[in-house]
Amino acid sequence: MYPAVCVAGIGCICAAGDTLQQAVDSMLRAERHLGAAPIFATTHAEPYPVFPVKKELSHYAFSSAGMRYMRTANLGLEAAHQAIEQSGIDIEQLRTLKVGVCMGTTVGSSMDVEAFYADYRQGATPDMRPIDCFYNSNPAAVISTYFGFNGPQQTIVNACSSGTDAIGTAAMWLRNGCCDVVLAGGADELCRTTYNGFAALQISSPQPCSPFSAERSGLNLGEGAAVLVLARAEVIKQLALAQPYGYVLGYGSGSDGWHLTAPHPEGRGLQQAVHEAIADCADVSGRGVTLDRLAFVNTHGTGTKDNDRVEGLVLAQLLPKTPFHSTKGYTGHTLGAAGAIEAALTLEFLQRQQIPASAGFNVQDPAIALSPVTSNTSFTGNIALSESLAFGGNNAALILGIAEAS
Amino acid sequence: MSTESIKIAIEGVGCVGGFGCGHTAFVSALQQGYAKAQLEEKVHPDGSAFLPALLADTSRLTDFVARRALRRIDHYARMALLGGYLALEDAGVPSSACEKLGVIVASGYGATTTTINFLDSVIDNGDSYASPTNFSNSVHNVAAAYLSMQLQALGPSLTVSQFELSICAALQSAVCWLEQGRVDKVLIGAVDERNALLNDYCWQRSAASDGANTQIAPFDYRRQSAIAGEGAAFLLLSRRDDNTSCGNTPYGYITGLDSGRCTPAQLAADSTAADVLVLGADGQLATADSYSRLAADLGEVLPLVSCAPCYGSLPTGQAFDLIAAALMLRDQCVYGVAAGSKQLVNSPLRTISALKFAPDGQFGQITLSSQAGVYA
Amino acid sequence: MAKVEEIKEQLKVILIDDLNLDDITPEEIGDNDPLFGDGLGLDSLDAVEMAVIVQKHFGVEIKDMEEGRPALQSVQALANFIVDKQEKA
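Just so you know, the protein sequences line up as chains A, B and C, in that order. According to our numbering, numbering within the first sequence proceeds without interruption in unit steps and concludes at 406. According to our numbering, numbering within the second sequence proceeds without interruption in unit steps and concludes at 782. According to our numbering, numbering within the third sequence proceeds without interruption in unit steps and concludes at 871.
Just so you know, not all the hints are guaranteed correct.
[Stated by the list, open to error] Derived DSBU-like pairs: lysine-lysine, alpha-carbon spacing no greater than 35 Å straight-line:
hint	chain 1	residue 1	chain 2	residue 2
1	A	305	C	870
2	C	790	A	305
3	A	98	B	506
4	B	506	A	305
5	B	413	A	237
6	A	54	C	845
7	C	785	C	838
[Stated by the list, open to error] Now the stretches of chain A that chain B is said to cover, found in silico as 3 or more residues with beta-carbon under 8 Å:
hint	region
8	27 to 36
9	120 to 128
10	147 to 154
[Unchecked claim] Across the chosen pairs, the derived CB separations fall in these ranges:
hint	chain 1	residue 1	chain 2	residue 2	range
11	A	215	C	868	22 to 32 Å
12	B	737	C	804	35 to 45 Å
13	B	753	A	115	54 to 64 Å
14	A	115	B	453	19 to 29 Å
15	A	404	B	612	13 to 23 Å
16	C	843	A	128	10 to 20 Å
17	C	815	B	766	49 to 59 Å
18	B	738	C	804	12 to 22 Å
19	B	766	C	851	25 to 35 Å
20	B	629	A	115	25 to 35 Å
In case anyone wonders, no lab produced these hints; they're calculated from the structure. Just so it is clear, CB atoms sit at the ideal spot from N, CA and C, and this is done for glycine as well.
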């Protein structure tokens, strides 16, 4: 078993709120901040609702050539700023340490250059800035460069489990001693390619999504970012920081090896991920963690038929008595950012000893043995599970905790 | 780094690229000092000609995977599959014994051609006619997904995208997995696809490439001589501790991994412990300055080689350099194009470093040794 | 009826081309052979791809897989579905 990795600070921005506190406040008020249609043009007969970030993002421009970053990188920087500020670590002091950056994304590493490409096809000579922007916008590289860190950088592109995998990977780096501190999380923006792609797969819902509900008809895309400042306990002491906000206690992952877009019908990869995460961890006082100590589960819960059925099946087998919910009814599916945003939310829910209702749930699906919580639910306990399932069959799980009540 | 004495052994290598298929073909190209670029009689929509390129042929993949199973799998994922299967074959690991294998794939650009095909379907026909198959195949982790499915590798899987530092980043995680005993073996590799839009049209727009140039001149730092390459380079790594009964002799051990920012002078000082330094110089002007300053700081202290003329210029080229270094340790012979005319080579070869720069000056360095030492 | 026959032949060629079934010929696809599972071996990803294909080539929409499942059972079923929708349009 490994010692807990400390969370010194968290930043989070999504449709539910511009900060972690705002997002959780709005969820507990049962607010759903979705837009009926995206801001970009689309020729679908019916628009699909989306969960956009409304905050005007600071323009983190390169000093030369006025180059801007992709929106994904900007979202990541917003979250990173918040996280560093909340941690109370002086940036100059941080720069003297070996600081790694590990970020999950989907859009942030893709060539989303539709207008450029359309011009190119017509024989025009398009402006090169979208291409330069793509080269300059690797989320981990952007954060590391912007803050002047010297250490390993890694952008993980594991589709919808990227954010969870990024935080888990960062925890592994710290346990291995590769670096002193890691900024870990995920970022993704709304864009035409993913909007059209999910619609083509017929898994986008024309309604606000209804995770786990019988009438559910698919997901809504969202955007956002979350970053956690992670460090080992002795580094927290060395930096004379306040008690950590929380802890990453365990991480597990497993592959379905089944299908490109459909989860394994029995969720074998997810089962493996959860078991590995539990086996991997000890709580803050060094005791082993067992499934019955989990206060709640923040699920992947996208609102698609397949995902929710499989996740429900696994929960019924492993955690039939544990309250669970999906927060995607408040944030949308933020792809590479999802696992990170949900880890941030999970830690804040633990602090507040309350989880919000699973937004969009109406009626139990007879094919799913369990139902999520339908109202704000208080609990006792300081450990929770956050899980993600991804295209390509990646499954990832994080066991997160806060200090035990003294 | 870890204080545990852990051996990270390279058990097998597999590669496909402009030099052909397999490490024997790679060695031939390395001994020759280059691979022959292909010229395609094609033009871009604005009339500019295609540049020569070093392209990969994946026809050997059907030795490992049934043709029908490859139906929806694009060139990007096929290269990765072939690289992976070749590495397993080289290591003597049957593809039926991969249930607990970890899989890590690094890519600079991902599945570019399929991404472009998806844009084509939207531009040509409209938003409602976007191809769901193209979309699913355009996500970066599709190569790792197909490896996992074909091999029934149900362990952890990671796909990493960090441009020139991709393989270094991926190795960071692979080493963590092995050191922490998460898995005993990791199939790790890199794949990048040459795409006419990105590696040809955009290069010509940015860096005035000479269409008549057909070979990379890695140590001519004054001009752009890059030739686009593509391919996959995979390694099977295993965790060996003192009690492991040896089985096959590994190619070598990974004994050093570092990345970040460092002055060329400091890097030079850190590199002198190696017997050979494989530079990732690949004819790109954007990184020429970093390599030239490093070479100047190193002087004639140790042999500098580049292997890029044998596989081309691609973000994950360092994975090929890593395989070349492993082959050099195995064969006790220096491969690739040498920088200086007078190269003092230590005998026996014990330690080889591969160093790659990104355009912003960041570096990634991987060190292999024939003896396992404390990982540092 | 002639229309259905014509569409069946077109579908066989289109399926082979667009789904990359390059190891069979149109003549080898029986009108009533199951397209999914044990027949042609297509899967859920092919099903949504076929919805796009049918829309593109025949102007007919398969809104979701509730509608799609019966229509995509076989080439015959699909041809009937297409002609039916085209006549209603």
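How the hints compare with the structure:
Restraint check for residue 305(A) and residue 870(C): the C-alpha separation of about 30 Å stays at or below 35 Å, so the hint holds. Pair hint residue 790(C) plus residue 305(A) holds up; C-alpha atoms about 31 Å apart against a cutoff of 35 Å. Taken as a hint, the residue 98(A) and residue 506(B) pair is honoured in the structure, with Cα atoms around 32 Å apart against an allowance of 35 Å. Restraint check: the Cα-Cα separation between residue 506(B) and residue 305(A) comes to about 29 Å, which is no more than 35 Å; the hinted pair holds.
Straight-line distance between C-alpha atoms of residue 413(B) and residue 237(A) comes to about 32 Å, which keeps the hinted pair within the 35 Å bound. Proposed proximity of residue 54(A) and residue 845(C) is supported: the alpha carbons are some 32 Å apart, at most 35 Å. Straight-line distance between C-alpha atoms of residue 785(C) and residue 838(C) comes to about 18 Å, which keeps the hinted pair within the 35 Å bound. Coverage of the region 27 to 36 of chain A by chain B is violated [criterion: at least 3 residues with CB-CB distance below 8 Å; count 0].
Chain B is given as covering the region 120 to 128 of chain A, and this holds because 7 residues of the stretch bring a CB closer than 8 Å to a CB of that chain, at least three being needed. Using a Cβ-Cβ cut-off of 8 Å, 5 residues of the region 147 to 154 of chain A lie near chain B, which meets the minimum of three, so the contact claim holds. Checked against the hint of 22 to 32 Å, the pair residue 215(A) and residue 868(C) passes, with Cβ atoms roughly 31 Å apart. Distance hint for residue 737(B) and residue 804(C): a CB-CB separation of about 40 Å, consistent with the stated range 35 to 45 Å.
For the pair residue 753(B) and residue 115(A), the supplied restraint of 54 to 64 Å holds, since their beta-carbon distance comes to about 58 Å. Distance hint check: the CB atoms of residue 115(A) and residue 453(B) are about 21 Å apart, consistent with the given range 19 to 29 Å. Checked against the hint of 13 to 23 Å, the C-beta distance between residue 404(A) and residue 612(B) comes to roughly 56 Å, which is inconsistent with it. Between residue 843(C) and residue 128(A), the C-beta spacing of about 39 Å breaks the proposed range 10 to 20 Å.
For the pair residue 815(C) and residue 766(B), the beta carbons lie near 57 Å from each other, so the given range of 49 to 59 Å is met. Checking the proposed 12 to 22 Å range against residue 738(B) and residue 804(C) shows it is violated: the Cβ atoms sit about 46 Å from each other. A C-beta distance of roughly 52 Å is found between residue 766(B) and residue 851(C), which places it outside the suggested range of 25 to 35 Å. Residue 629(B) and residue 115(A) have their C-beta atoms about 32 Å apart, which keeps the hinted 25 to 35 Å range intact.
Checked against the numbered hints above, the structure violates hints 8, 15, 16, 18, 19; every other hint is satisfied.
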